Amino acid sequence: MQTSILKVKGLKKSFKRFQLGPFNFTVEQGIVVGLVGANGSGKSTLFRLLMNIMKEDAGEIHVFGEKRTGDEWKQKVGFAGEMLGAYDFLTIHEIKNLISYWYSTWNEEQFENMIKRYRIDTDEKYEKCSKGTKKKVDFIFTLCHNPSLLLLDEPTAGVDIVSQRKMKEDLIQFMDDGEKSILLATHTAEEINQLCDEIIVLDSGQIRHSFNKDEIYENFGRLWISHVTDTMKNHPNVIYCEQNPPQIITNHLETIENILKKEQITINQVQRLLMEEVLEYLIEY
Amino acid sequence: MKRLIKDAIRLAKMEYKHHFMAVILTFLASIFIGLITGLLLTESSAIKWRVDSPFMNRLLLDLIFVGVAPAFATFFMAKPYLSFQTAKHDPYVKRMALLRTLPVPVSVLALSRTLLMLSSLVIMSLAFYGTMIAVVFINTASFSELMTASELFIFIVVWLGYMLTMGGLNPYIEYGTSGKTLHTIQFIFGGIFLIFALLLYKFRGQGIVEISIQLVKSIGWPMAIISIVIGIICCIGWNKLLKNRLENRDYL
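Keeping their order, the protein sequence lines are chains A and B. In this text, residue positions in the first sequence follow the numbering used here: the first is 1, and each later residue adds one. In this text, residue positions in the second sequence follow the numbering used here: the first is 286, and each later residue adds one.
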């Protein structure tokens, strides 16, 4: 039986010109959930609400099966959300001292290994580090206290290719025992392909879509057809259509193929969509 | 409880380490302000406010005790206080936001800021009053006309109570509001002070510090005790407010 590591119910937050939620979703044990959406869609705000550095207007957040109270639950959560800039006048070593003290399960050996693995100079002041190095430092801090849940806000943005690969390896290893979970905000289709099991698409503060990754591979497709009718244009499973050449993008291939047969529209070609194409259509349309 | 205090002290100590330059500069500034105050007090007693500009003397003394002294409860020479550009990026709030992502109880965070405030108040007050007393004792002859040594002590305690009352608000402003408010509130406070002081000069012909000296002379120790008790109560109150604010505010 799967257990919810993170459960969000009716979570809402209003700003002057933006409303986030209501959100309802769960992150099950052993699952990586990818959070995708355009810039400003509310991903970072959602992380801040989850970490309790923003107060929700309504709704509930349950972590590890219990309603979030106090601060002890943070012992088992690793959060990378570009928060370290507040102490950018310190060296990485000093920031480590500031952070590590509060985690009873801090693993110094793991920290030292990761520092070597990512080639970080701990005597360097955080403000002097490049964007990529800052991201790597942020990432390392999330993993060194043996968390059960990772909340990662674009952890690989601006990171060099080699380190990106290492980060993915570390995340795959983190998920190895099947007891941990990750909520990962990303703009990279490759990360979704390699890491995520489920995908949540955010748009203007709302969850527009929520899919299992296999569903995407199975159901999303592009069909080149003889002509596009109004019925097809307005069908809920057609997310995009073009007249020249006549083609449609669907999120449910089987249904659409059946309808096309009934309407006697010829299918010239069918193509499964790549993840980046799916994401583009989900975010854009 | 023991753990809470230990952790709060650790956090406060870290702030001293992280902001060493600001501490040193604030300490030096406190000495300088103490020097000016000592000179103003001895001059005032020697010539009974009849220098070229008694109004300026009075206003300066009032400004130092009413307006500047509560700032001893914080590192007022830190960048966010000196530069609006720095303050508007909310450095205090961002630091607290990071701490809030860690498994640190809010009570520890609030207590650490209160301890930081208290320790800063003690250190900077020592620098301020120490210098002021040194200047006063160098000019003993002129100062003794104004008050005795024991009255000076009561005077110091009375104003310490005030600093505690007002200075206790500093952590709340730093971590409970925004960088813009940090600067705005100084102007608002300055404006209120100026209006109040000018009205007092016009209608009573006395400054705030002068009135406090009169009260010290007429009431004595009870006034010092009342002032300190009010200071302590306010301090506890500010700490509770800060804790509540840290628990419920939006960071970033």
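Hints in this document: simulated from the structure, not taken from any laboratory. Please note that the accuracy of each hint is not assured.
Over the 12 Å line for every Cβ pair with chain B, so calculated as not near, a few chain A residues [unchecked claim]:
(1) 49
(2) 98
(3) 107
Taking CB as the label site, the calculated pair distances span [claimed, not checked]:
(4) B:309 x A:132: 32 to 38 Å
(5) B:367 x A:14: 42 to 48 Å
(6) B:529 x A:117: 39 to 45 Å
(7) A:218 x B:526: 51 to 57 Å
(8) B:511 x A:14: 30 to 36 Å
(9) B:298 x A:14: 26 to 32 Å
(10) B:367 x A:57: 42 to 48 Å
(11) A:160 x B:466: 36 to 42 Å
(12) A:131 x B:298: 40 to 46 Å
(13) A:12 x B:415: 50 to 56 Å
(14) A:18 x B:506: 40 to 46 Å
(15) B:466 x A:57: 18 to 24 Å
Derived lysine-lysine pairs resembling PhoX-like cross-links, with alpha carbons at most 20 Å apart [stated by the list, open to error]:
(16) A:55 x B:525
(17) A:128 x B:465
(18) B:465 x A:16
(19) A:125 x B:364
All values reported here derive from a predicted model rather than from experimental measurement. Cβ atoms here follow ideal geometry from the backbone N, Cα and C, with glycine treated the same way.
The hints, checked one at a time:
With a closest Cβ-Cβ approach of about 9 Å to chain B, residue 49 (chain A) is found to fall inside the 12 Å limit, against its non-interface label. Its beta-carbon lying about 7 Å from the closest one in chain B, residue 98 (chain A) breaks the requirement of being farther than 12 Å from that chain. The non-interface label for residue 107 (chain A) is consistent with chain B: the shortest C-beta to C-beta separation is roughly 15 Å, beyond 12 Å. Look at residue 309 (chain B) against residue 132 (chain A): about 35 Å separates their beta carbons, and that is inside 32 to 38 Å.
The supplied range of 42 to 48 Å is broken by residue 367 (chain B) and residue 14 (chain A), whose beta-carbon atoms lie about 36 Å from each other. Taking the beta carbon of each, residue 529 (chain B) and residue 117 (chain A) are about 43 Å apart, inside 39 to 45 Å as hinted. For the hinted restraint 51 to 57 Å between residue 218 (chain A) and residue 526 (chain B), the CB-CB distance of approximately 56 Å keeps it satisfied. Taking the beta carbon of each, residue 511 (chain B) and residue 14 (chain A) are about 46 Å apart, not inside 30 to 36 Å as hinted.
As the Cβ distance of residue 298 (chain B) to residue 14 (chain A) is approximately 40 Å, the hint placing it in 26 to 32 Å is violated. For the hinted restraint 42 to 48 Å between residue 367 (chain B) and residue 57 (chain A), the CB-CB distance of approximately 37 Å leaves it violated. Taken as a hint, the range 36 to 42 Å holds for the pair residue 160 (chain A) and residue 466 (chain B), whose Cβ atoms sit roughly 40 Å apart. Hint check: residue 131 (chain A) to residue 298 (chain B), Cβ distance near 32 Å, so the stated range 40 to 46 Å is violated.
Checking the proposed 50 to 56 Å range against residue 12 (chain A) and residue 415 (chain B) shows it holds: the Cβ atoms sit about 55 Å from each other. The given range of 40 to 46 Å is broken by residue 18 (chain A) and residue 506 (chain B), whose C-beta atoms sit roughly 58 Å from each other. Remark: the range hint 18 to 24 Å for residue 466 (chain B) to residue 57 (chain A) is upheld by a beta-carbon distance near 22 Å. This hinted pair checks out: residue 55 (chain A) and residue 525 (chain B) have alpha carbons roughly 19 Å apart, not beyond 20 Å.
Taking the CA atoms of residue 128 (chain A) and residue 465 (chain B), the gap is near 26 Å; set against the 20 Å cutoff, the hint is violated. About 19 Å separates the Cα atoms of residue 465 (chain B) and residue 16 (chain A), which keeps this hinted pair within 20 Å; it holds. Pair hint residue 125 (chain A) plus residue 364 (chain B) holds up; C-alpha atoms about 18 Å apart against a cutoff of 20 Å.
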